[in-house]
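Chemist: Here are the chains, one letter per residue:
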Amino acid sequence: MANCATLGDKLMSPEEAVRRFIKDGDMIALGGFTVNRNPMVIGREIIRQGKKDLHLVMHSHGQAMDLLVGAGCVARLELAYGGTGRFAPTGIRFRKAVQSGQVKVEDYSNFHMSLRFLAGSLNLPYIPCRSGFASDVLQQWGFGPELRGTGKIPRDKAIIGQNPFAQEDDPVVLLPALNPDVALVHAQYVGDDGTVRIKGLTFLDVEQAKSADRVIVTCEEIVPAHTLREDPDQNTLPPFLIDAVVPTPYGAHPTACHYFYDYDPRHLNYYRAVAGDDDGFRRYLDEWVYALDSQEAYLTKVGAADLINIRANTKVGYAPGLDRR
Amino acid sequence: MANCATLGDKLMSPEEAVRRFIKDGDMIALGGFTVNRNPMVIGREIIRQGKKDLHLVMHSHGQAMDLLVGAGCVARLELAYGGTGRFAPTGIRFRKAVQSGQVKVEDYSNFHMSLRFLAGSLNLPYIPCRSGFASDVLQQWGFGPELRGTGKIPRDKAIIGQNPFAQEDDPVVLLPALNPDVALVHAQYVGDDGTVRIKGLTFLDVEQAKSADRVIVTCEEIVPAHTLREDPDQNTLPPFLIDAVVPTPYGAHPTACHYFYDYDPRHLNYYRAVAGDDDGFRRYLDEWVYALDSQEAYLTKVGAADLINIRANTKVGYAPGLDRR
Amino acid sequence: MSTTYTDKEIMALAAGRLVSNGDILFAGTGLSMLAATVAKRVHAPQAVVFFETGGIDPTLEELPLAVADPRVMTGTCMNSGLIDAFSLLIHRRLRTIAFLGAAQIDPYGNINSTCLGDYQKPRVRFPGCGGACDAMSQAFGVIIFMQQEKKRFVEKVDYISSPGWLTGGDARAKAGFKRGGPFAVVTNQGVMRFHEQTKRMYLHEYYPGVSPQAIADNCGFALDVGRAREAQAPSEVELKILREEVDPCRLILGPLPA
Amino acid sequence: MSTTYTDKEIMALAAGRLVSNGDILFAGTGLSMLAATVAKRVHAPQAVVFFETGGIDPTLEELPLAVADPRVMTGTCMNSGLIDAFSLLIHRRLRTIAFLGAAQIDPYGNINSTCLGDYQKPRVRFPGCGGACDAMSQAFGVIIFMQQEKKRFVEKVDYISSPGWLTGGDARAKAGFKRGGPFAVVTNQGVMRFHEQTKRMYLHEYYPGVSPQAIADNCGFALDVGRAREAQAPSEVELKILREEVDPCRLILGPLPA
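Residue numbers (my numbering), protein chains in the order written: chain A, 30 to 354; chain B, 30 to 354; chain C, 5 to 262; chain D, 5 to 262.
Since the hints were made in silico from the structure, they are not lab data. Think of the CB as a built atom: it goes at the ideal place given N, C-alpha and C, for glycine as much as any other residue. Don't take every hint at face value.
To give an idea of the chain A side of the interface with chain C (calculated C-beta under 10 Å), a few residues [unchecked claim]:
1) T63
2) R66
3) H88
4) G111
5) A163
6) W170
7) K228
8) F232
9) C286
Calculated pairs, BS3-like style, for lysine-lysine (alpha carbon to alpha carbon, straight line, at most 27 Å) [to be verified]:
10) C:K125 with A:K181
11) D:K125 with B:K133
12) D:K178 with A:K181
13) A:K181 with A:K52
Footprint (simulated), chain C over chain B, 3 or more residues, beta carbon under 8 Å [said to hold, decoys possible]:
14) 147-157
15) 262-268
With these hints in hand, go ahead and build the complete structure from the sequences.
Modeler: Spelled out as structure tokens, the structure:
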């Protein structure tokens, strides 16, 4: 085991990370993408601590989003896509919450959201692009005037402007930067100096972390810093942007974590089967969130057979031959 | 040796790459930074082919820039910094050419140039930032009205605008995107499928390559693609953005190439000693550029002693203990 | 002897035939994965498949079930992230072709993957536009998969998630788009295209055994079927590759034909 | 016994003393490398050095001679590129301190590293602003190294490469800057700071053996020396670390004191 002591007071439990760094009403950027590297441990802890009125910002999510929405922690979302691919083409609790008016949604495209986080990470107030002219994505505003211009929500969802360098008419879409209160990242490795390494696709985790006021990183392993610093080209975030480091083996389960484990089709299918029904979902929360006070308890419930089943082949990064029906 | 045949007609000599992809008047983005990974082989070949009226765009350069300017190939530059650090705090021929009016310079900052290439790489027409308000970098325009608005040079160097999302006065600097005709990149590795891997800092090479109409990559080694695809997190550019792959061992000499060789202090000091004098510089060009028709001839002239001297330690990436005075 | 095939099989093959060798394919999952993969194996070996998540040219020894499936990160020429992926999708040098699906489509190829009913109080919420809005805005071209149903081919979509030819004619260019737009709609009955000038959808091909009128009847707006011709039936080679190499477990293809 | 030291040595140490533990240091080469490194070794072990080229927190077992020296890429916590490096420099959460040098400086800390004479036809051309303009615009704070010479401390610089306090008072905020600006100028004779309200430069410290008047005499504009006090001489520990650990080959320090 690496020398975690040098992480100092950044090393903490999920309970402490959520208690110290997330408060009701916060704008939270979820790392990962649909069925991959979702910050599930922090998501479940947020539910256990009963956080309310959260404002989720993301591109395409995902299991953590659906769970947080279903548990009633979320009041507002800005996103491009809510689902988990074939396991739930539309997020099950997300759909219900939108249809019932339980949450307010502001739709953007994935490129829009990517650029908004990029702008936030570069301290740019806004960013122009050419996606979505004349679409309802830009013309319909999900957040009403009572929300617009309050807190971190800009007065305008987007503005159609002009390219000031063009000689002729050249419209552009102007998008406001995003600077969430908290970014949640699940990584494979954190060095005992706080250096973060994500393997496989980084999605938008880097831009999300850089754009946020606070960053919580859960990880599969804490490793000696020198092992990461021997090939620093591969590292993802520097220590001084990270507020909390939370070691959580299988921390993204039931979503995947490249080179560690695949997504868990059995769990995702089970979730789909029960989550559509309000009672079924309540039982799911009771069994899989409230009744379990630690990742150890959670993994015990998942069971060794499942964990071995989804274990990633160390060369290809996923679980070849996994029954994914 | 890898199976270069699969690179097809992308694999070529420096002579062919320059002849086919660079023409008089082109806007060329130089990869690398001051004393690191300068595209020296292509630079010398451009001089040998007598290309004229080039327009160089870059952030901080560098040995290739100084040589091209000195050889009279360059009419215009947009840059933030022209020099090689301690070896030439101001580029020697660059200084002379600016002072004599031989070249026109448009100054920007490094972040300005970085954002301009980023915007070009993302197909954004312009990008806002908050660098350089009230500075002469924005207020003094090096390119006169006879150049502005022609070819790829936007009518305005920069525009002071307003953040349209702000409720109050919030000025922003608007910078035009850059989309050069050609980007020159020197990489450590190219796979025999055309995949590019740069080790060490990538500087702005990725954004420059993505923003350009054509991309020429010189490399230390052509390697079997599967060796790069076994860890694709480390790769830098996909094959389909590359027009020419030019294998050139020591292709960045006398600048450095991480894990392969250090910069060559003897050569850089020699350059400084002779380049300040017009006759001395002419002799340098004769001896080191015009008289040598291949990289093999060039390296023979550099000599085995020098090449061994600057050889990088394979663990730290540079040449420890190298006499750099 | 006539070969039997399922709707999904002929859809994947019909879309795959629209791919040119060297195209850069922006794939989702489901049918688009099959179309892209079968095209690569049949006639466009140099086509490159990439995903909005950042995986470029994966080996795809197993089919991914989501664009963030770890299977899109293996054997790629590059793993990056969304910013990089979209920089390729919209790259002006590249002939990028995107495969999309939707809940509704209108005569000008505008699609809805966001909601039915009023956006503020939707009767049915779908996942949202994802990267489809960006592909329709800035890819070189787009191929759309649809079920041929009246409720999906509608005069006016409830919400334009991803802009096609807007109101037709030069509306798209006037709105600010520099290139792109949908060029084909592949359904379980045939393939539609868009009129060169008016940009209104028309029937281009009907599958063997399907009548143009049946397609018009399954379309919620007036569909010109006058230019339609019969599509080539899937060849045995195409079906063999699709079934044995592309989706041997039939994760996406579903049951074999009866 | 008084210790002897060179100008460069006391400049590196005086600047190093201005670093707080935990600062994120944007270093150039030359003196700024020495200042940052010696600060880390003497009193600010948790300060992090990074370079605009993208190297973050390198081990620096050898001194880099340029910000693109391969020595800035070794043992780092991350190697990236310019976009990443500048995103850190200007990051609103970070206390980033940049070390800069220049050819000219004015009473409000505006600096020139671009040219002498007219920009269109310069008498002397310098390299240009590089990342200094960005550091002066958006870093948390800036420390400037200068030679104490009349021709360098001028009433008006020939070209503002990197904006300091502009015309003083609240001019900087009015121009659009949200934070930052120079807070110290370290010369071979002393350390200047800027008046809290007017933002005009004044002498804060003079090195042992240097008179405030001598500094005023080497300044091309009226310099308030009334608040000046004598700086602490370099300690033996500081000099030992600087000479034996930071630059043992004296690549930047140059010759030892006579």
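Chemist: Each of the hints needs a verdict: does it hold here or not?
Modeler: Results for each hint:
Against a cut-off of 10 Å between C-beta atoms, the interface hint on A:T63 holds, since the closest Cβ of chain C lies about 5 Å away. Annotation: interface hint on A:R66 holds; nearest CB of chain C at approximately 8 Å, less than 10 Å. Annotation: A:H88 was flagged as interfacial toward chain C, and the flag holds, the nearest CB pair being 6 Å apart, inside 10 Å. Using the Cβ-Cβ criterion of 10 Å, the hint placing A:G111 at the interface with chain C is satisfied: the shortest such distance is roughly 5 Å.
At its closest, the beta carbon of A:A163 sits 4 Å from a beta carbon of chain C; the interface hint therefore holds under the 10 Å criterion. At a threshold of 10 Å, the smallest CB-CB gap from A:W170 to chain C is about 9 Å, leaving the interface hint in force. About 9 Å separates the beta-carbon of A:K228 from the nearest beta-carbon of chain C, less than 10 Å, and the hint is met. Proximity of A:F232 to chain C holds as hinted, the smallest CB-CB distance being about 5 Å (cut-off 10 Å).
With its C-beta approaching chain C no nearer than about 8 Å, A:C286 sits inside the 10 Å limit, and its interface hint holds. Between C:K125 and A:K181, the direct Cα distance comes to roughly 24 Å. Compliance with the 27 Å bound is thereby established for this hinted pair. Proximity of D:K125 to B:K133 is assessed by CA-CA distance (about 10 Å); at most 27 Å being required, the pair is judged to hold. As the CA atoms of D:K178 and A:K181 are separated by approximately 24 Å, the hinted pair is consistent with the 27 Å bound.
A hinted pair counts as satisfied when its Cα atoms are at most 27 Å apart, and A:K181 with A:K52 qualifies at roughly 15 Å. Counting residues of the stretch 147-157 of chain B whose CB falls under 8 Å from any CB of chain C gives 3; the rule of at least 3 is met. With 6 residues bearing a CB less than 8 Å from a CB of chain C, the stretch 262-268 of chain B meets the requirement of three and the coverage assertion stands.
The structure shown violates none of the earlier numbered hints.
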